[in-house]
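Engineer: Below are the chains, spelled out letter by letter.
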Amino acid sequence: MTKYNLPVGPQHPALKEPASFWFKVEGEVIVDVDIRLGYNHRGIEKACESRNYIQCLYLLERICGICSHAHTTAFAQGVEEILGLEIPARAKYIRVIIAELERIHSHLLWLGVAGHEIGFDTLFMYAWRDRETVLDILELISGNRVNYAMNTIGGVRRDIDQAKREQILGMLDPLAERVKFYTDLVTSEPTCLARLENVAPVPADKAVALGTVGPTARASGIKVDVRRDDPYAAYAEIPFEVITSERGDLLGRAIVRLGEIGESVKIIKYALQNLPEGPLTVKAPRKVAAGEAVSRVEAPRGEDIHYVRADGSDHPERVKVRAPTLANLFAVGESMKGAYVADIPIVIASIDPCFSCTDRMIELVQSRTGTSSVMTWEELREYGIRWYGHGHRS
Amino acid sequence: MDIVLDLVRILIFPGLLFAVLLSLFLEWLDRKIYARMQNRVGPPLRQPLWDLFKLLAKEDIVPERADPFMFTVLPVLTLAAAATAMLYIPIWGPESAYPFWGDLLVIIFLLTVPTMVLFLAGWFSANPFGAVGSFRTVIQFLSYEVPLLLAVLTPAVLAGSWSISDIVRFQQTHPWAMAAQLAALGVGLLALQGKLERVPFDAPEAETEIVAGPITEYTGRRLALFRLSTDVQMLVGAALFSNIFLAGVVGPWYLAILLFLAKIIFLVGVLAALRAMVARIRIEQMRAFSWKYLVPIAVAQMAVIVLIKVGVGV
Amino acid sequence: MCGQEQQRSDLARRDILAELCARFPGEVGEAAAPRPGRAWATVSREVLRPVTEFLLGCGPGAYLSTITAVDTGEEFQAIYHFWVAGTELNLRVRLDRREPAVPSIMDLHPGANFYEREIHDLMGIEVTGRGKLERLAVPDDWPEGHYPLRKDWPGLPGGESA
Numbered sequence: 001m002t003k004y005n006l007p008v009g010p011q012h013p014a015l016k017e018p019a020s021f022w023f024k025v026e027g028e029v030i031v032d033v034d035i036r037l038g039y040n041h042r043g044i045e046k047a048c049e050s051r052n053y054i055q056c057l058y059l060l061e062r063i064c065g066i067c068s069h070a071h072t073t074a075f076a077q078g079v080e081e082i083l084g085l086e087i088p089a090r091a092k093y094i095r096v097i098i099a100e101l102e103r104i105h106s107h108l109l110w111l112g113v114a115g116h117e118i119g120f121d122t123l124f125m126y127a128w129r130d131r132e133t134v135l136d137i138l139e140l141i142s143g144n145r146v147n148y149a150m151n152t153i154g155g156v157r158r159d160i161d162q163a164k165r166e167q168i169l170g171m172l173d174p175l176a177e178r179v180k181f182y183t184d185l186v187t188s189e190p191t192c193l194a195r196l197e198n199v200a201p202v203p204a205d206k207a208v209a210l211g212t213v214g215p216t217a218r219a220s221g222i223k224v225d226v227r228r229d230d231p232y233a234a235y236a237e238i239p240f241e242v243i244t245s246e247r248g249d250l251l252g253r254a255i256v257r258l259g260e261i262g263e264s265v266k267i268i269k270y271a272l273q274n275l276p277e278g279p280l281t282v283k284a285p286r287k288v289a290a291g292e293a294v295s296r297v298e299a300p301r302g303e304d305i306h307y308v309r310a311d312g313s314d315h316p317e318r319v320k321v322r323a324p325t326l327a328n329l330f331a332v333g334e335s336m337k338g339a340y341v342a343d344i345p346i347v348i349a350s351i352d353p354c355f356s357c358t359d360r361m362i363e364l365v366q367s368r369t370g371t372s373s374v375m376t377w378e379e380l381r382e383y384g385i386r387w388y389g390h391g392h393r394s
Numbered sequence: 001m002d003i004v005l006d007l008v009r010i011l012i013f014p015g016l017l018f019a020v021l022l023s024l025f026l027e028w029l030d031r032k033i034y035a036r037m038q039n040r041v042g043p044p045l046r047q048p049l050w051d052l053f054k055l056l057a058k059e060d061i062v063p064e065r066a067d068p069f070m071f072t073v074l075p076v077l078t079l080a081a082a083a084t085a086m087l088y089i090p091i092w093g094p095e096s097a098y099p100f101w102g103d104l105l106v107i108i109f110l111l112t113v114p115t116m117v118l119f120l121a122g123w124f125s126a127n128p129f130g131a132v133g134s135f136r137t138v139i140q141f142l143s144y145e146v147p148l149l150l151a152v153l154t155p156a157v158l159a160g161s162w163s164i165s166d167i168v169r170f171q172q173t174h175p176w177a178m179a180a181q182l183a184a185l186g187v188g189l190l191a192l193q194g195k196l197e198r199v200p201f202d203a204p205e206a207e208t209e210i211v212a213g214p215i216t217e218y219t220g221r222r223l224a225l226f227r228l229s230t231d232v233q234m235l236v237g238a239a240l241f242s243n244i245f246l247a248g249v250v251g252p253w254y255l256a257i258l259l260f261l262a263k264i265i266f267l268v269g270v271l272a273a274l275r276a277m278v279a280r281i282r283i284e285q286m287r288a289f290s291w292k293y294l295v296p297i298a299v300a301q302m303a304v305i306v307l308i309k310v311g312v313g314v
Numbered sequence: 001m002c003g004q005e006q007q008r009s010d011l012a013r014r015d016i017l018a019e020l021c022a023r024f025p026g027e028v029g030e031a032a033a034p035r036p037g038r039a040w041a042t043v044s045r046e047v048l049r050p051v052t053e054f055l056l057g058c059g060p061g062a063y064l065s066t067i068t069a070v071d072t073g074e075e076f077q078a079i080y081h082f083w084v085a086g087t088e089l090n091l092r093v094r095l096d097r098r099e100p101a102v103p104s105i106m107d108l109h110p111g112a113n114f115y116e117r118e119i120h121d122l123m124g125i126e127v128t129g130r131g132k133l134e135r136l137a138v139p140d141d142w143p144e145g146h147y148p149l150r151k152d153w154p155g156l157p158g159g160e161s162a
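Chains as they are written, first to last, in the numbering used here: chain X, 1 to 394; chain Y, 1 to 314; chain C, 1 to 162.
A hint or two may mislead.
One-sided excerpt, in silico: chain X residues whose CB lies under 7 Å from chain Y [unchecked claim]:
(1) 6
(2) 18
(3) 117
(4) 118
(5) 129
(6) 338
(7) 345
Since the hints were derived computationally from the structure, they do not count as laboratory data.
Here the structure is a predicted model, which is why all the values come from computation and not from measurement.
Heads up, the beta-carbon is just placed ideally off N, CA and C, and yes, glycines get one too.
Please take these sequences and the hints and turn them into a complete structure.
Structural biologist: Written as structure tokens, this is what we have:
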């Protein structure tokens with residue numbers, strides 16, 4: 001069999017964000033894979049060190065457009081722990097509601113992307129259409145479809161009043177129906193099964209050793225969920241199931257994610273119906289006394305962990321973010337050995353990778369031209385003309 | 001003035017111009033049905049034409065390591081082969097522009113050329129995605145070609161002729177023949193879907209895996225020719241099937257053309273619906289599907305046809 | 001150990017910090033448990049590997065969440081965040097600024113691979129015993145000796161930066 005290298009990324013139709021995978025391939029079978037990250041580094045961790053805590057919150061919200069609430073929740077919880085603040089019960093419930101809406105939004109987005117990766121664009125279009133419901137709810141609550149800016153240190157910034165509660169409750173049931181339909185579809189449609197069943201399985205012991213988290217771990221039969229194991233916000237008071245699957249393959253990950261949407265709907269309903277009265281925030285001081293905290297949140301993709309270190313000033317001394325994709329990516333690389341080239345997109349997509357979350361640190365410096373890193377349109381145009389004008393064309 | 005008539009036939013009707021315009025209409029139809037099934041609005045009627053013009057105007061790049069001669073010749077060849085096949089398809093009556101005793105075989109051969117061209121296109125573009133796509137194109141070709149041939153052979157055996165005109169006339173006098181070869185039509189449509197490299201058999205150019213497979217490196221007008229060729233192949237396939245499986249057309253030429261259009265629209269509708277309803281399968285799954293299901297069904301159909309022929313004595 | 005009964009934390013929350021102190025007497029400093037589910041401890045890099053081995057064996061599904069590298073100005077710290085038996089145990093290893101190095105734990109826990117490469121790329125902490133540290137986060141043409149998360153990083157030559 002011919003051996004060759006197949007580059008996937010940094011620019012490739014299967015990747016919605018840049019990352020680089022070098023596959024060593026024999027015929028159609030993958031022998032080895034090398035992963036390179038960093039194309040999305042924006043220097044966020046470093047940048048946090050020179051901003052105050054509120055500014056950091058908004059910066060961290062922009063780590064990722066999909067799990068933005070997870071990141072701000074993790075950071076706010078960390079800072080609140082250092083400050084010794086107990087946020088109001090109503091704020092805890094609202095944090096849970098937004099987090100679960102975000103999970104539904106993320107999982108439906110994933111379903112669509114997974115459909116697209118296996119060439120099932122109809123599933124993609126349907127899933128994204130139904131995802132609009134969740135985005136509408138989020139817009140109703142926060143005014144934004146993504147980056148909701150709901151969290152602040154010491155609570156949340158917006159309330160959910162009675163009228164909105166009624167409206168949201170009415171929108172959730174049709175959504176749950178659709179999710180049932182998708183579950184049936186994915187577990188019975190022959191071409192879907194052909195592409196998902198027994199592809200790149202990760203057995204339970206390997207899933208632990210490789211440090212997987214979230215739906216990726218749960219699909220390998222590991223019952224791990226920060227919401228239940230290390231409850232934060234109001235999760236200790238809200239009943240829900242941790243969905244797992246013993247399969248370990250791509251179908252297992254689809255089943256887990258679709259099951260989780262159902263659980264999220266239940267959580268949101270419970271939280272809306274049992275929303276405690278009271279204030280939304282407690283007052284947080286601008287300066288944070290020296291201390292450190294580790295905060296964990298179950299983001300849609302798994303455990304999101306933040307480390308915050310305060311030095312008594314109004315900006316953090318160190319903020320460390322480990323998004324779930326980094327924990328899962330190594331496992332996906334390992335599981336791909338022995339799979340087919342055709343499985344590459346869907347296996348990568350199966351952990352719902354978010355490279356914006358994974359990469360976050362390096363400051364972008366224009367090393368070649370040196371001077372300005374922000375170009376005007378005219379400059380950009382001239383740069384383009386120079387680039388194409390000097391022998392870069394074949 | 002035979003030469004003038006020939007030129008008109010080759011370049012205008014039913015040759016190049018007609019084939020291109022009708023195939024662009026079919027592309028629109030395919031995209032529209034696909035979009036409606038996906039709960040989308042879909043493109044306006046003129047979109048495929050604008051897409052074509054846009055591509056013709058785009059920058060044309062030949063990769064440094066690619067073979068410039070092959071890079072130029074192949075797109076022309078693929079369109080020429082597909083458009084030529086239109087000359088042998090009956091459109092306004094049971095007879096095509098150039099009917100002869102073996103025109104069915106010529107069309108099958110002409111439809112093979114674009115597949116081979118696709119393989120060469122990937123091979124000569126010096127790109128790993130192109131190379132993978134080329135291999136897959138060949139594997140897929142070896143998978144669908146046998147069932148496609150068996151399917152096309154079925155009406156020929158039933159009618160006892162390699163001539164499309166004879167097959168059409170036979171079916172028009174024996175309408176039950178159409179029902180007798182329904183399974184062959186099904187196999188043929190699936191194989192055609194494979195030939196056109198459409199979902200679920202689009203592994204050779206699977207976008208999310210290998211970008212565009214053999215035509216990854218093609219841009220501008222060369223890419224336009226490849227896309228146009230795929231459209232024309234779809235037209236030729238649907239037109240061929242409308243004749244050999246659905247009894248062609250009857251009546252005065254204007255009604256006949258309407259009937260012809262109705263039949264190809266129906267067939268393209270089936271192909272579009274199929275691609276909207278399933279996911280892409282892997283190339284080795286395609287091979288297994290073809291040999292496990294398509295070939296046995298096609299062989300069984302052939303056996304049934306032979307029995308009918310012997311039994312009925314037609 | 002892992003695998004058969006994968007319910008990582010259906011087990012009751014154990015006092016993992018006390019077990020650690022009992023298992024490694026005199027080696028564990030600054031032990032603190034500010035709230036249920038959180039524990040802090042400091043060990044020297046010499047015992048990092050045995051401690052890691054002990055922690056990973058402590059419960060089904062114990063794993064390393066990540067490694068945080070901190071530059072306090074006076075020293076570097078590598079903080080290993082383990083999730084063990086219902087507790088996030090944050091294991092601090094203090095490192096001399098002049099010679100920051102930790103032993104690799106990748107052979108004990110393959111999942112540590114990316115985290116070790118990350119602290120090397122960004123904070124310049126050497127990880128010994130695992131061969132060459134391939135770059136993960138910084139570009140291939142990133143100059144040697146530039147570690148952007150260090151407090152005294154001057155920025156890249158020719159660039160406008162921190």
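Engineer: Against this structure, judge whether each hint is valid.
Structural biologist: So, going through the hints one by one against the coordinates:
At its closest, the beta carbon of residue 6(X) sits 5 Å from a beta carbon of chain Y; the interface hint therefore holds under the 7 Å criterion. With its C-beta approaching chain Y no nearer than about 15 Å, residue 18(X) sits outside the 7 Å limit, and its interface hint is violated. Of the supplied interface hints, the one on residue 117(X) holds, with its beta-carbon coming within about 5 Å of a beta-carbon of chain Y, less than 7 Å. A hinted interface residue such as residue 118(X) counts as satisfied when its beta carbon comes closer than 7 Å to some beta carbon of chain Y; here the least separation is about 4 Å, so the hint holds.
This hint holds: residue 129(X) has a C-beta 6 Å from the nearest C-beta of chain Y, less than the 7 Å allowed. At about 14 Å, the closest approach between the beta carbon of residue 338(X) and any beta carbon in chain Y exceeds 7 Å, and the interface hint on this residue is violated. The beta carbon of residue 345(X) comes within 4 Å of a beta carbon in chain Y, closer than 7 Å, and the hint placing it at the interface holds.
When each numbered hint is compared with the structure, violations occur for hints 2 and 6.
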